[in-house]
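4 protein chains.
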Amino acid sequence: MATLIRHGRLVTASDDIPADLRLEGGRVVAIAPSLPPGPGDEVHDATGLLVLPGAVDVHTHLEMVTPRMATIDTFESGTRAAAFGGTTTVIDYCTPARGQGLLAALADWHRLAERSCIDVAAHMCLLDADSATLQQMPALVRDEGVSSFKLFMAYPGSLMVDDGALLHALRTAAGLDALTCVHAENGPAIQALIEDALADGRLAPKFHAATRPAELEGEAVHRAICLAGLAGAPLYVVHLSTAQALAAVREARGRGQRVMAETCPQYLFLTDREYARPGFEGAKFVMSPPLREAGHPETLWRGLADGSLQAVATDHCSFCYEVPAQGMRYSKQQGVADFTRIPNGAPGVETRLALMHEGAVVRHGFSLQRWVEITATAPARLFGLYPRKGTLAVGSDADVVLFDPAERWTIRAAEHHSLADYSLFEGIELTGRVKKVFVRGQCIVDGQQWRGRAGQGQFVKRGPSGHA
Amino acid sequence: MATLIRHGRLVTASDDIPADLRLEGGRVVAIAPSLPPGPGDEVHDATGLLVLPGAVDVHTHLEMVTPRMATIDTFESGTRAAAFGGTTTVIDYCTPARGQGLLAALADWHRLAERSCIDVAAHMCLLDADSATLQQMPALVRDEGVSSFKLFMAYPGSLMVDDGALLHALRTAAGLDALTCVHAENGPAIQALIEDALADGRLAPKFHAATRPAELEGEAVHRAICLAGLAGAPLYVVHLSTAQALAAVREARGRGQRVMAETCPQYLFLTDREYARPGFEGAKFVMSPPLREAGHPETLWRGLADGSLQAVATDHCSFCYEVPAQGMRYSKQQGVADFTRIPNGAPGVETRLALMHEGAVVRHGFSLQRWVEITATAPARLFGLYPRKGTLAVGSDADVVLFDPAERWTIRAAEHHSLADYSLFEGIELTGRVKKVFVRGQCIVDGQQWRGRAGQGQFVKRGPSGHA
Amino acid sequence: MATLIRHGRLVTASDDIPADLRLEGGRVVAIAPSLPPGPGDEVHDATGLLVLPGAVDVHTHLEMVTPRMATIDTFESGTRAAAFGGTTTVIDYCTPARGQGLLAALADWHRLAERSCIDVAAHMCLLDADSATLQQMPALVRDEGVSSFKLFMAYPGSLMVDDGALLHALRTAAGLDALTCVHAENGPAIQALIEDALADGRLAPKFHAATRPAELEGEAVHRAICLAGLAGAPLYVVHLSTAQALAAVREARGRGQRVMAETCPQYLFLTDREYARPGFEGAKFVMSPPLREAGHPETLWRGLADGSLQAVATDHCSFCYEVPAQGMRYSKQQGVADFTRIPNGAPGVETRLALMHEGAVVRHGFSLQRWVEITATAPARLFGLYPRKGTLAVGSDADVVLFDPAERWTIRAAEHHSLADYSLFEGIELTGRVKKVFVRGQCIVDGQQWRGRAGQGQFVKRGPSGHA
Amino acid sequence: MATLIRHGRLVTASDDIPADLRLEGGRVVAIAPSLPPGPGDEVHDATGLLVLPGAVDVHTHLEMVTPRMATIDTFESGTRAAAFGGTTTVIDYCTPARGQGLLAALADWHRLAERSCIDVAAHMCLLDADSATLQQMPALVRDEGVSSFKLFMAYPGSLMVDDGALLHALRTAAGLDALTCVHAENGPAIQALIEDALADGRLAPKFHAATRPAELEGEAVHRAICLAGLAGAPLYVVHLSTAQALAAVREARGRGQRVMAETCPQYLFLTDREYARPGFEGAKFVMSPPLREAGHPETLWRGLADGSLQAVATDHCSFCYEVPAQGMRYSKQQGVADFTRIPNGAPGVETRLALMHEGAVVRHGFSLQRWVEITATAPARLFGLYPRKGTLAVGSDADVVLFDPAERWTIRAAEHHSLADYSLFEGIELTGRVKKVFVRGQCIVDGQQWRGRAGQGQFVKRGPSGHA
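Heads up: the sequence lines are chains A, B, C and D, in that order. Sequential numbering of the first sequence, starting at 1, is according to my numbering. Sequential numbering of the second sequence, starting at 1, is according to my numbering. Sequential numbering of the third sequence, starting at 1, is according to my numbering. Sequential numbering of the fourth sequence, starting at 1, is according to my numbering.
Extracted from the complex, chain A is given alone in its bound form:
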């Protein structure tokens, strides 16, 4: 018994054609101009709709628990929200506790991730790159399907590694055909600016942004590229948010260095004027990197247009603004007297595909194919999920999104599916909306109706990084 999607307009990273799809056994099994339904087939009429590969979000922090805080979205709630937004696979960051082995950390992560509603994979964060750590990397890549590692150039004293450790990690990862991701901000310089701010009594949310200037992201990206070049290693820059950083990436790519970068909808749609909101509202936008001055977003759009940026992810790391009535007590309010205590991050996993349709296709004239490429295909390729994920070709996983390119709607936190009580994009009007979502052939979202269930998501072992 199969599922048929009929009369739609199939859009992949390279094609845009009228076609019917047959889904069977969790895979796409036929593509043709017209596929007649057989007895018992489940048929979905996609007339007027785009038929897309399920989107892939390669940057989430679900159910991240640390001694100081915990995100509000669990794997269950976060992946359900993702599904409503057309995302059928996430790659989530597994962060070891200080001193914890990588395999132990991954085991902890698996226990939580079991309740996912869509397919999930894991990146591994490295808090150090001493020989004990480096020796654990092969097992992750070869046995566990974790073929990417992340290091932090920010957060001295907690997550940050020094440049020597980064160099060692890059080289080791490259030897394993694994991809190294960096959070690129200059931690010690930011720390100095924060100390100055605290000493001066500059404590409001806007000083979060003021103490993380654009130049210090540009600097760190430039540095990471230099180290990756010395290591002969590919590099992936997460949540790139500034013109300076983009320029460094573009320059390196032009020299032939294998550097890739993602940006996020918040850096494409919003600017630092959000921090000027009255009262403590600016805290909603406290994330790292922070929102940037006007000018950066248009530059980032150009980076997506000319291929210097390859992927758009969300960095979904959700907290409530108000203290939740029950359950977890962590919220943005923790930092009401001191911006350094505001939980750092924001929700976004649900709105990426529609925001990018609006921004890329409607406003900036990108082709539909390029939209699919940056939200699904390139992320899947770069992180070794392709061709199972990221495309709709015969043999691929039957992760499908039906998307109405004409429906107009407005983002409202009141209607979203994250447990967070606000949206960064509240009130933004969009053209284009997800209508149905299938994971491995099963329809889990049907309009506003949830037809999926926790635990049906599978862990996907990833292969080596491919070309974007």
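Since the hints were made in silico from the structure, they are not lab data. Just so it is clear, the structure is predicted and the values come from calculations on it, not from any experiment. Think of the CB as a built atom: it goes at the ideal place given N, C-alpha and C, for glycine as much as any other residue. Just to be clear, a hint being listed does not mean it is correct.
[As the list claims (entries may be wrong)] Pairwise CB distance ranges, derived in the manner of DEER restraints:
id	chain 1	residue 1	chain 2	residue 2	range
1	C	D143	D	R273	46 to 56 Å
2	A	W409	C	E426	54 to 64 Å
3	B	S131	C	G279	53 to 63 Å
4	C	G279	B	D130	35 to 45 Å
5	A	R255	B	R277	27 to 37 Å
6	D	A414	C	S131	58 to 68 Å
7	B	E298	A	E293	29 to 39 Å
8	D	G232	B	G175	42 to 52 Å
9	D	S131	A	G99	26 to 36 Å
10	C	Q326	B	S131	43 to 53 Å
Following the hints, position chains B, C and D against chain A.
Using the frame of chain A, we list chains B, C and D on its own:
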């Protein structure tokens, strides 16, 4: 009755999957993991082969006749050679005689192009951009399917237009959603260098290259980009050959300007040391732009890798090196005493796809998808042939190439199908070879056997330029 | 009998010290902390004043007469105005009539220049670079002391040469140790924009600027640099006005190419908002290049600061705004119905030194030495006047300016000495003013009093171009 | 009683004229074409010689003693060597011991510096930028005449500060009109490379260079510029040695940031092929930064030519190659089994002026004035010694060098005056040689004869940094 291609590995600009294809009515009608043949179906076994969209060559000069010379390849011979090389569509440059109307020139071109063996389309060259010329452009775009125009910044006194004309043409073309192509070399400066060379008695073929330095291509590309920016027009740079020109293109794209460029296999595989060949042999490589110093080719490969270059075409413009025993008397020998009299151009239409497999995939590690993109998909999109041409999706024209990625062979003019008596790439060893070629479902090349016929090619009206 | 300047602060391009100067026989003959006057010595007390080398203006058009127009300032009036502004030497552009030989043109120029009040030298404009013209160049350099040539990339049909001619002229000049100056704007593209404007009825003065966009200067400077590089010739860009052009110059200098450039006070102090003045007032600012958008001036100041720009000249080319009551009938009013008929140019020879003190020293923090360098020393060196001109060292010509760095005043055309009836800088308040001026030891300006006379200026034969 | 220097050719940063000088009371008191000697005057005939301001070397490490090593040259021997090379002032780096206060460190330095033969000044190194350290800075600038500070981005665990400390130091120094100097190499990344080398048994001197790649200097310079920009502080990069670093400096200067840089003769004349010398000879060239690949030197010459580099200093930090027969036992031989134990540094204080004449004037066509500027005037200005030092103007200190621009000679350690037993430049033939040297009017070097004495040098309190 259909044609089935079974057990192959389907490669498009985005996908790389095992799949069977069904071709019927000149189109691709089904793609599935396994398609059982029906009675009467023609079945081709593609086991071990890549199944590719027919390649698209957007830069040829077939049967180009001027008062001073004529190319050796007719539409018949040239398109047959193209077919043997896996190219199933060419866009050929129609060049009006001085004073001739554009529509009249196109009519002449059509008369010659009728004997094509594969599908053909036309670009129109503009020798001027006065108001009479500009007024003829809409009819070409809207009625004749000629949606691109070419202007020359080289060849003062014959083909060259001045910067004012170029600006006017760019603006008019942009208003018609047509794409403007430029041959970008600084004609007057080259003319001055040629005059100096002739005055000094520097007459050998190598002085063709010496009088067309790389800087003067870089300069002209920079200038064309400036003019296109002022006109608000997209720009397509043909046969880009230098690091300087590439840098100008990359910089413009980074600023968000819509600039595209093609390069050619000769600029990727060869350098100016060919001009040091003994005797008059260097004349074989007399073309404009000339082959460049070492260093440029590797830079161009990086441009293809980072997306700054979108397409690879051939600039096939063939002459014999020796005077043919019969028929046409034009040959490279015309210029034995004076390099300025050497017919300017070289053959290449047959070897592009295999050369690019060797260069891009084997030597430079490009993905198969990127190889298809630069040789078929992007050219088709940029020049309004997509999705009929340039991809293999259901509904596309059934232009298919079966390619053996493992076969090793050597380029020999003695075995090629152009009427030219030499190859630029003589003796180069390649891995990967075209095995079968289909145009709109009909197999016209089967190994070394020709199964096509003159006149079966169709003229393709093109639509507006799309994204690469 | 000598002249003593006592108790001043001597400022040269490298020094800034308290010192007395003795002038004798037209030269500086002693510099010492204290020089006691002898009997009969003329003594000037410079207490509180800067003692500067006379400023050198290397870009003027005095008494320029063409069939269509004539400038209002003669050599007499123009050099008197220059003297009041602290300029003691001008290099004026000699422009041959079409078809006139260079030596004949120079002879005509000499007849007019005889009535100069300060020292003068000549550049020669080349309207062509055919062999007849090139053959006249050595005599100018070797016999006539004219060691610089200017070519125009603008004004097609009148002054413009093509790139081949420019290349030939650059090479010939380089062989003579002469410096090639270019007016760098893309003439044919501007012509196309002008044609469009006229066809559309866009006739007001502001369309002069609109049809000469910044990009077309940047383009032409880039092109001239390319040609100079091929010719192995030094290049001097006159009246550079845009960020784009500056970037091209800086990039070339960084590559080691010998490229120099001047800018003018108008491009440093004014922007294109002057063209928005009511009525026909914008015509006062019609010059080529035109005033530029905001942003360019600050960029040019940075170019002066980092040494990418070496000189500030005036491009003094004066016309009256109103029709003069008597004498010459040429005025800006000629173009009241058509911006292309507005006489192209503006006065400025008198205000350069004080404007640059205000702009460079007061507002931008340049050292006094750098101010002297860009207004006197570097121009003198670049054009072969050094060490006679451009410095105050023993043995140099005793061209001296006493400058009060503290006096505040306001530029008023009503008080200036040009015959023009307006100033570009009307109403600008300055700190710093010329108090006395000496040419070869003779005081010709004393406060507002004129003590010089027409004809006392001498023609200075120039040597080869030196380092800035 | 005065000293007269007659018949010479006076060269300063701006002038080049025949002139006599009178020196009296330690100052220059008259400059004139001809100064007749009075009774008792000491007269020096400078016929055929250049008369230059004494050169200023702003980067030395004399009598530097640490627990692990001590340089061979004392203040006495080092300044005598400097004098023989035409250097009349050095600014030496005072390096506190770990935990030592800045004033205490300066007092120690003064005790050693008392035996100097020429004038001396001090920079202060900062090993930290905590509040205790920052609070000591004003006293140094205001009371002690120490108006520059140096921080290290290299040598983690000993001299290196982190980026937060650097940011704080830059800001504090800027508030004091003091200049911040950086040793810019990425210490942690170098440390990682060193660890790898040691682990692999790569122990020979050449691995000193291999573990300090050019990219890591470029990176650190880029980073320092970023931090200085955030701090609003001027920045001075010491011993810049790479094309990458120069590009970063040039780019920043073009943006208007106040960034200056010095290079050293060794980076202009030598390349890393010295490390391929047989046996342990490469150890002579072990310094940080190391000598670089071919290509970097020519790029640095271009940086001096276009003003991107302002000064040439020596980084004189001398050790013997062989173990001295008596006295100090430190020598390059310490590292014969392990390159990390080779004392890091090399002699050079004596050969700078003549090497730069050969390199800049003779080989690269710089003007004599530019040669004086980069070796004397600009260093003096940047570090607050001007106009006492760095020029020859009336009132300046009478530090004078008589230089024969035509004498040919060869650098030989056997003939130099440093206590080091080798020269980096052994065997290099030069045109141009120091003949006589005066410090404050007293002739201390006369040909090969030493007429000075230890202790006659004075400490010079410096003022704020001026423009180069």
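Hints, verified against the model:
1. C/D143 - D/R273: 46 to 56 Å: 51 Å, holds
2. A/W409 - C/E426: 54 to 64 Å: About 58 Å separates the Cβ atoms of A/W409 and C/E426, which means 54 to 64 Å holds.
3. B/S131 - C/G279: 53 to 63 Å: Given about 34 Å between the Cβ atoms, the range is violated.
4. C/G279 - B/D130: 35 to 45 Å: Once the Cβ atoms are compared, 36 Å apart, the range 35 to 45 Å for B/D130 and C/G279 holds.
5. A/R255 - B/R277: 27 to 37 Å: The hinted range 27 to 37 Å holds for A/R255 and B/R277, with Cβ atoms some 33 Å apart.
6. D/A414 - C/S131: 58 to 68 Å: 60 Å, holds
7. B/E298 - A/E293: 29 to 39 Å: 38 Å, holds
8. D/G232 - B/G175: 42 to 52 Å: 49 Å, holds
9. D/S131 - A/G99: 26 to 36 Å: About 32 Å separates the Cβ atoms of D/S131 and A/G99, which means 26 to 36 Å holds.
10. C/Q326 - B/S131: 43 to 53 Å: With a Cβ separation near 45 Å, C/Q326 and B/S131 satisfy 43 to 53 Å, so the hint holds.
Of the numbered hints listed earlier, the single one contradicted by the structure is hint 3.
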